[in-house]
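All chains should be built: construct the whole structure from the sequences, respecting the hints.
Those protein sequences? They're chains A and B, same order as listed.
So the first sequence is numbered by our numbering: it starts at 131 and just counts up by one.
So the second sequence is numbered by our numbering: it starts at 131 and just counts up by one.
No wet-lab data here; the hints were simulated from the structure.
Cβ atoms here follow ideal geometry from the backbone N, Cα and C, with glycine treated the same way.
There's no promise every hint is true.
Unchecked claim - Here are the simulated DSS-like cross-link-like pairs (lysine-lysine), alpha carbons at most 30 Å apart as the crow flies:
| no. | chain 1 | residue 1 | chain 2 | residue 2 |
| --- | --- | --- | --- | --- |
| 1 | A | K164 | A | K196 |
| 2 | B | K172 | B | K144 |
| 3 | A | K172 | B | K172 |
| 4 | A | K164 | A | K144 |
| 5 | B | K144 | A | K164 |
| 6 | B | K172 | A | K164 |
| 7 | A | K172 | B | K164 |
To be verified - Here are a few chain A residues that sit away from chain B, every Cβ distance over 12 Å (derived from the structure):
| no. | residue |
| --- | --- |
| 8 | G148 |
| 9 | D150 |
| 10 | K164 |
| 11 | K181 |
| 12 | A189 |
| 13 | Q190 |
| 14 | D191 |
| 15 | K229 |
| 16 | E260 |
Number of protein chains: 2
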Amino acid sequence: MALEHAILVSLAEKTASGYDLARRFDASIGHFWKASHQQIYKVLGRMESDKWVESHLVAQDNRPDKKVYSITGEGRDELMRWSSVPTPIEPLRSEFAVKLRGTQFGDRDAVLADVRVRRAAHEAQIAYYEASAQRHYPDPSSLREDELGAYLVLRGGILAEHTGMAWCDEILQAFEAER
Amino acid sequence: MALEHAILVSLAEKTASGYDLARRFDASIGHFWKASHQQIYKVLGRMESDKWVESHLVAQDNRPDKKVYSITGEGRDELMRWSSVPTPIEPLRSEFAVKLRGTQFGDRDAVLADVRVRRAAHEAQIAYYEASAQRHYPDPSSLREDELGAYLVLRGGILAEHTGMAWCDEILQAFEAER
DNA sequence: GCCGTCTACGCAACTAGTTGCATAGCAACG
DNA sequence: CGTTGCTATGCAACTAGTTGCGTAGACGGC
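Here it is in structure tokens:
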């Protein structure tokens with residue numbers, strides 16, 4: 131579904147090999163849409179048959195050849211078409227929420243330890259995002275048009291992580307109050 | 131992965147047929163873990179082979195027979211074991227974020243229309259959750275132990291929806307400022 | 001009397017994504 | 001000189017979840 135389009139967006143910004151894409155999906159775009167390299171290669175193959183992308187082999191010194199993909203006109207059309215269709219609202223899906231709900235049937239202390247770990251992870255992620263924002267968008271009041279999307283996505287990540295942390299705090303407080 | 135455990139939690143609270151579970155997954159638990167009835171029946175079958183649940187047929191008047199499932203001792207053990215293993219931190223996965231990031235390659239106005247739709251959906255969900263909180267937990271300062279988990283999950287939902295709405299507002303503002 | 005909806009269960013075919021493995025040359029470390 | 005790690009691509013087998021369909025009786029509305 132969206133992996134195709136995430137790849138199209140990424141290739142529209144800059145051509146890349148499957149390997150390059152896999153690295154991008156470990157960073158920037160990947161913070162909001164994960165993909166393994168296996169999945170990327172699989173989907174790239176399909177996208178090439180669909181003529182959304184095209185590839186050419188590039189020989190390199192001291193490194194394996196690579197297949198560099200670029201987006202086609204059809205790929206850009208698809209991106210346009212896709213952007214004009216409303217995105218289905220994806221329901222939350224949290225294994226942790228299930229566990230929290232079932233705390234009474236489980237190991238309370240383990241769940242609380244888990245909450246603390248998650249809180250720390252949110253905190254670290256905020257620091258990472260903030261640093262990234264500082265570095266790439268030091269002045270958010272004057273963004274180039276081509277930066278706006280990525281900046282807003284980063285903002286979404288920051289907001290979500292703050293919320294995650296606030297939730298953890300609320301959980302810890304509630305359990306401490308109960309004890 | 132988690133569907134099994136969501137079902138175990140649900141059955142630990144109260145025995146149910148596959149159909150009952152499907153309805154619960156359309157409401158309460160389902161707000162944080164969706165599942166179709168097909169998937170539920172499939173997983174219930176596996177769980178019965180694994181001895182985590184057991185079923186017996188119940189005949190009904192004017193209605194089809196139903197298979198009522200209940201959790202077994204082994205099922206409760208599994209729930210305990212699962213709760214003591216840290217939950218892997220699930221990365222966000224948002225098709226909408228991908229689209230937002232690619233706005234420059236798409237239909238800007240359509241994306242903004244989408245944002246407005248999503249904002250309204252968040253607003254509606256907040257109203258729904260708040261009503262649910264009011265009804266089930268009118269006094270959050272004194273919750274029974276068996277209510278705490280479900281309450282905190284609901285709180286998580288409320289926090290997440292508020293964040294979703296705030297993000298939409300930020301996006302709308304940024305695009306309006308740009309124009 | 002037909003149509004839609006609800007209860008209740010399930011199979012079959014498909015798609016998306018994960019896990020494990022394979023290949024292969026080069027560079028850096030000890 | 002062996003091990004680890006990076007670049008680079010991909011297949012095979014599996015799991016989870018979706019979509020579409022089928023069955024079947026009861027109830028209510030028009």
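Against the structure, the hints come out as follows:
1. K164/A <-> K196/A: holds (22 Å)
2. K172/B <-> K144/B: holds (20 Å)
3. K172/A <-> K172/B: Judged against 30 Å, a Cα distance of about 28 Å means the pair holds.
4. K164/A <-> K144/A: Answer holds: K164/A to K144/A is near 19 Å, not above 30 Å.
5. K144/B <-> K164/A: Distance ~36 Å between K144/B and K164/A Cα, so the pair is violated.
6. K172/B <-> K164/A: holds (27 Å)
7. K172/A <-> K164/B: Holds: K172/A and K164/B sit about 27 Å apart, inside 30 Å.
8. G148: holds (18 Å)
9. D150: holds (17 Å)
10. K164: violated (5 Å)
11. K181: Holds: least Cβ distance 17 Å, greater than 12 Å.
12. A189: Holds, since 30 Å exceeds 12 Å.
13. Q190: At about 29 Å from chain B, Q190/A clears the 12 Å cut-off, so the statement holds.
14. D191: holds (33 Å)
15. K229: violated (6 Å)
16. E260: For E260/A, whose nearest Cβ neighbour in chain B is about 16 Å away, the distance exceeds 12 Å, so it holds.
Checked against the numbered hints listed earlier, the structure breaks hints 5, 10, 15; every other hint is satisfied.
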